[in-house]
Amino acid sequence: MTSIQMPQLGETIVEGTILKWLKAEGEEVDRDEPLFEISTDKVDTEVPSPVAGTLTKIVVAEGETVPVGTELAMIDSGNGEGPAEPAPPAAAAASSGTPATEAGGSGTVAPDEASDASAAPAPPPSSPVGASQGAPVAGGTSLPDRGPRSQILSPLVRRLAQERGIDLATVAGSGTGGRITKADVMAAAPSATVSSVSWGGVGPAAPQPTTSAPVSVAPPSIGAGAAEGETVEPLSHIRKAIATHMVASVNETARAWTMVEVDVDHLVKLRERAKDGFLATHGVKLTYLPFVVRATVDALKAFPMVNSRIDGENVVTPRGVHMGIAVSYDAGLIVPVIKDADAMNSVGIARAITDLAARARGHQLKPDEVQGSTFAITNPGPYGSLVSVPIINQPNVAILALDAIQKRPVVVEGDAIAVRSVVYVSMSWDHRLLDGEIATRFLARVKQNLESWDFAEDLGI
Amino acid sequence: MRRTWLFEPVGPVRYEASNEAMHDLAERRLSDEAPDSLILLEHPPVFTAGRRSKPEHLVWSEREAAARGAAVHHIDRGGSFTFHGPGQLVGYPILHLGVRPDAAAYLRALEDAVIRTGAALGVELHRRDDVQTGVYAGDDKVCAIGVRLMRTRVTLHGFAINCDTDLSWFDGIVACGLPDNGVTSLSALLDRDVTVDEVRPIARRALADVFDLDHVPAPPDELERFRSALVA
Numbered sequence: 004m005t006s007i008q009m010p011q012l013g014e015t016i017v018e019g020t021i022l023k024w025l026k027a028e029g030e031e032v033d034r035d036e037p038l039f040e041i042s043t044d045k046v047d048t049e050v051p052s053p054v055a056g057t058l059t060k061i062v063v064a065e066g067e068t069v070p071v072g073t074e075l076a077m078i079d080s081g082n083g084e085g086p087a088e089p090a091p092p093a094a095a096a097a098s099s100g101t102p103a104t105e106a107g108g109s110g111t112v113a114p115d116e117a118s119d120a121s122a123a124p125a126p127p128p129s130s131p132v133g134a135s136q137g138a139p140v141a142g143g144t145s146l147p148d149r150g151p152r153s154q155i156l157s158p159l160v161r162r163l164a165q166e167r168g169i170d171l172a173t174v175a176g177s178g179t180g181g182r183i184t185k186a187d188v189m190a191a192a193p194s195a196t197v198s199s200v201s202w203g204g205v206g207p208a209a210p211q212p213t214t215s216a217p218v219s220v221a222p223p224s225i226g227a228g229a230a231e232g233e234t235v236e237p238l239s240h241i242r243k244a245i246a247t248h249m250v251a252s253v254n255e256t257a258r259a260w261t262m263v264e265v266d267v268d269h270l271v272k273l274r275e276r277a278k279d280g281f282l283a284t285h286g287v288k289l290t291y292l293p294f295v296v297r298a299t300v301d302a303l304k305a306f307p308m309v310n311s312r313i314d315g316e317n318v319v320t321p322r323g324v325h326m327g328i329a330v331s332y333d334a335g336l337i338v339p340v341i342k343d344a345d346a347m348n349s350v351g352i353a354r355a356i357t358d359l360a361a362r363a364r365g366h367q368l369k370p371d372e373v374q375g376s377t378f379a380i381t382n383p384g385p386y387g388s389l390v391s392v393p394i395i396n397q398p399n400v401a402i403l404a405l406d407a408i409q410k411r412p413v414v415v416e417g418d419a420i421a422v423r424s425v426v427y428v429s430m431s432w433d434h435r436l437l438d439g440e441i442a443t444r445f446l447a448r449v450k451q452n453l454e455s456w457d458f459a460e461d462l463g464i
Numbered sequence: 105m106r107r108t109w110l111f112e113p114v115g116p117v118r119y120e121a122s123n124e125a126m127h128d129l130a131e132r133r134l135s136d137e138a139p140d141s142l143i144l145l146e147h148p149p150v151f152t153a154g155r156r157s158k159p160e161h162l163v164w165s166e167r168e169a170a171a172r173g174a175a176v177h178h179i180d181r182g183g184s185f186t187f188h189g190p191g192q193l194v195g196y197p198i199l200h201l202g203v204r205p206d207a208a209a210y211l212r213a214l215e216d217a218v219i220r221t222g223a224a225l226g227v228e229l230h231r232r233d234d235v236q237t238g239v240y241a242g243d244d245k246v247c248a249i250g251v252r253l254m255r256t257r258v259t260l261h262g263f264a265i266n267c268d269t270d271l272s273w274f275d276g277i278v279a280c281g282l283p284d285n286g287v288t289s290l291s292a293l294l295d296r297d298v299t300v301d302e303v304r305p306i307a308r309r310a311l312a313d314v315f316d317l318d319h320v321p322a323p324p325d326e327l328e329r330f331r332s333a334l335v336a
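Residue numbers (our numbering), protein chains in the order written: chain Z, 4 to 464; chain V, 105 to 336.
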């Protein structure tokens, strides 16, 4: 076991903050392969592993600041140069997919290089680091034993080998300790034994679930918890992230809940009238959600406290509204964010929702697109839910739920009973910051907006 | 003396292109396939956000900034928001810091080079011990500094000296996350037009002195990546 400690990056630097772990517990790491990123004063750095082995334990989590010399993690280097990992189960491979999908909530994704598509930085965890180990398996050859240093490949060498279709297992390294250099790759003939498939077929710039480096996952075992006939599979990475985020919210917030009933009869009629033309003109389907987002954004501007967050001892109130929209997809739940929703009309919001939802389901969201929400809306209505009590997407202090629109008999002006399209709109809110009065006045404002605004003008019809 | 490739493209270089080229040079420096490099250039208007950026430090929304002609890039250096644009000399030293890298000493050396540059022009600049990295005249920042290390030992990103920068761009951000500090330029301090072309050779010499660099022109094919990214 090797203890990994907060490095001393200078005599005057006494502490550092873990920005991001580049390896998960159980993953293999090469010597000098980036293991984590730290931030000190104005310098950020990626820190390489001093040894090859398996990252067995992460002691200090992302976001924590600790003194120099503090133990951060343990690496088991006993079998560091052992045989390549067997191919991971399909489910495990998929679960370690795009960084964006780690966002059970908006707070769990650290910004990384993918947020700037033009950056060509250090290899992310899903770059073909592991693929160089997997190549011998695919190619049916084995790496010549050149000692530990021969395992170290520069990003340039990896890229060149990939571009030229060269099997690195067949290249003799001329660098220190048998290390393969650029010149070695340039001199090598392209190999037929390694197809592009063994490299995953795509470059590191477009990580796909199937190209992830092998993750060491213990095979599921039928233990005391499973009876005959039951199936057992490990929780996915994303499912774990969602679970952590949800439990943290329930533990930390003082959740209260308020509901109003909204008469949306005129909105139903408007949508019926406008939906075909809207699709033809704008290329996206017209749903009720853009109306609700618009009405909610206005209420958030009127009650900025509902748009704020608690930061330690402070209340932080942003200028703009960045609206998180809960989207379910194959791997779970994700909350992409409509940035600057307060600058958009219903058409812009409809387009943004369609775009974000489609890319969420295609695993194409960038990390910064699931960050920075100031409020969130969940929309279980299409599935038939009448009333729902959502969990607050921290650090937001409230989340609004739009349930199913139904025709119901209601009492209208003149004490008559009429059949109208109505919907329950409700909000879970954090009683640490908000009180019932502001929550209720906020919802009343949303209701008033939805019932009184003429959205036809907003849609340009 | 450390042999150092010198990149001095003349004219504004697109941020994304130089950022990519810089990372590539650093990767190759790390694997000893390229020597140290010093990149001195100007960018078209652009805001960049370091890892410690807080959304509230962006005064204009990203949409508004883009509408004014400066996109916001979230990047991998330390520090908060800053602005790059015409009239500002940006320096990206790609240096190997050796087997015992000292990040703090590197930052202090960068500041030292900028202070020497100011002195050569007749401006007294200084560090501020009470706040973060950077170089100041009085309470106003002349030069922003933000750095990343690759594998703790090769430097990325660097410094940005305001020569005759249009300072109204800084209204769009809380520069470096410090709301109480203003921003100034060498032109404002000297009350005459001090251009990037005037400052570039002075800064180059100061950096050579501080880091013991022996500049050689970068090979033409290496320089081409910057030339091809020049904004017309």
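By construction, these hints were calculated from the structure, which means they are not laboratory data.
Just so we're clear, the structure is a prediction, and the values are computed from it rather than from any experiment.
Treat the hints with care, as some may be off.
Once the Cα atoms are required to be at most 27 angstroms apart in a straight line, the calculated BS3-like pairs of lysine-lysine come out as [unchecked claim]:
1. Z/K243 / Z/K60
2. Z/K272 / Z/K450
3. V/K158 / Z/K304
4. Z/K410 / Z/K272
5. Z/K278 / V/K158
6. Z/K60 / Z/K278
Here chain Z is said to cover these stretches of chain V; the calculated rule only asks that three of the stretch's residues, wherever they fall, bring their Cβ under 8 angstroms from a Cβ of chain Z [said to hold, decoys possible]:
7. 108 to 114
8. 177 to 189
9. 193 to 207
10. 291 to 301
A short list of chain V residues far from chain Z (calculated; beta carbon distances all over 12 angstroms) [stated by the list, open to error]:
11. E131
12. E137
13. P159
14. E160
15. D216
16. R220
17. Y240
18. G242
19. D244
20. R257
21. G286
22. R304
23. R308
24. D316
25. P321
For each residue, glycine too, the CB sits at the ideal point set by N, CA and C.
Now for the hints, and whether the structure bears them out:
1. In summary, the hint linking Z/K243 to Z/K60 is supported, as the alpha carbons are separated by about 17 angstroms, within the 27 angstroms threshold.
2. For the suggested pair Z/K272 and Z/K450, the alpha carbons sit about 17 angstroms apart, so the restraint of at most 27 angstroms is met.
3. Between the alpha carbons of V/K158 and Z/K304 the distance comes to roughly 21 angstroms, so the proposed pair stays at or under 27 angstroms and holds.
4. Under the criterion of a C-alpha separation no larger than 27 angstroms, the hint pairing Z/K410 with Z/K272 is consistent with the structure, at around 12 angstroms.
5. Among the hinted pairs, Z/K278 with V/K158 is inconsistent with the structure: their alpha-carbon atoms are about 39 angstroms apart, more than 27 angstroms.
6. Restraint check for Z/K60 and Z/K278: not satisfied, since their Cα atoms lie roughly 54 angstroms apart, outside the 27 angstroms limit.
7. Closer than 8 angstroms: that is the beta-carbon criterion, and the segment 108 to 114 of chain V has 0 residues meeting it against chain Z, so the requirement of 3 is violated.
8. Coverage of the segment 177 to 189 of chain V by chain Z holds. Counting CB-CB distances below 8 angstroms, 7 residues qualify, and the rule asks for three or more.
9. Counting residues of the segment 193 to 207 of chain V whose CB lies closer than 8 angstroms to any CB of chain Z gives 3, so the stated coverage by that chain holds, three being the minimum.
10. Coverage of the segment 291 to 301 of chain V by chain Z is violated [criterion: at least 3 residues with CB-CB distance below 8 angstroms; count 0].
11. Distance check on V/E131: its Cβ comes as close as 5 angstroms (rounded) to a Cβ of chain Z, failing to clear the 12 angstroms threshold; non-interface status is violated.
12. For V/E137, the shortest C-beta to C-beta distance to chain Z comes to about 5 angstroms, within the 12 angstroms cut-off, and the non-interface label is violated.
13. With a closest Cβ-Cβ approach of about 6 angstroms to chain Z, V/P159 is found to fall inside the 12 angstroms limit, against its non-interface label.
14. At roughly 6 angstroms, the least C-beta separation between V/E160 and chain Z is not larger than 12 angstroms, which violates its mark as non-interface.
15. Distance check for V/D216 against chain Z: the nearest CB is about 15 angstroms away, which clears 12 angstroms, and the non-interface claim stands.
16. With a least CB separation of 20 angstroms from chain Z, V/R220 remains clear of the 12 angstroms interface cut-off, as annotated.
17. Interface exclusion of V/Y240 from chain Z stands, the closest Cβ pair being 14 angstroms apart, more than 12 angstroms.
18. For V/G242, the condition that its CB be more than 12 angstroms from all CB atoms of chain Z holds, with the nearest at approximately 21 angstroms.
19. No beta-carbon of chain Z is positioned within 12 angstroms of the beta-carbon of V/D244; the least distance is around 18 angstroms.
20. Residue placement check: V/R257 does not keep its beta carbon more than 12 angstroms from all beta carbons of chain Z (closest about 8 angstroms).
21. Here V/G286 stays apart from chain Z, with its beta-carbon at least about 19 angstroms from theirs, past the 12 angstroms limit.
22. With a cut of 12 angstroms on Cβ distances, V/R304 stays outside the contact zone with chain Z, its closest approach being about 23 angstroms.
23. The claim that V/R308 is not at the interface with chain Z holds, since no C-beta of that chain comes within 12 angstroms of its own (minimum 23 angstroms).
24. For V/D316, the condition that its CB be more than 12 angstroms from all CB atoms of chain Z holds, with the nearest at approximately 19 angstroms.
25. For V/P321, the condition that its CB be more than 12 angstroms from all CB atoms of chain Z holds, with the nearest at approximately 22 angstroms.
When each numbered hint is compared with the structure, violations occur for hints 5, 6, 7, 10, 11, 12, 13, 14, 20.
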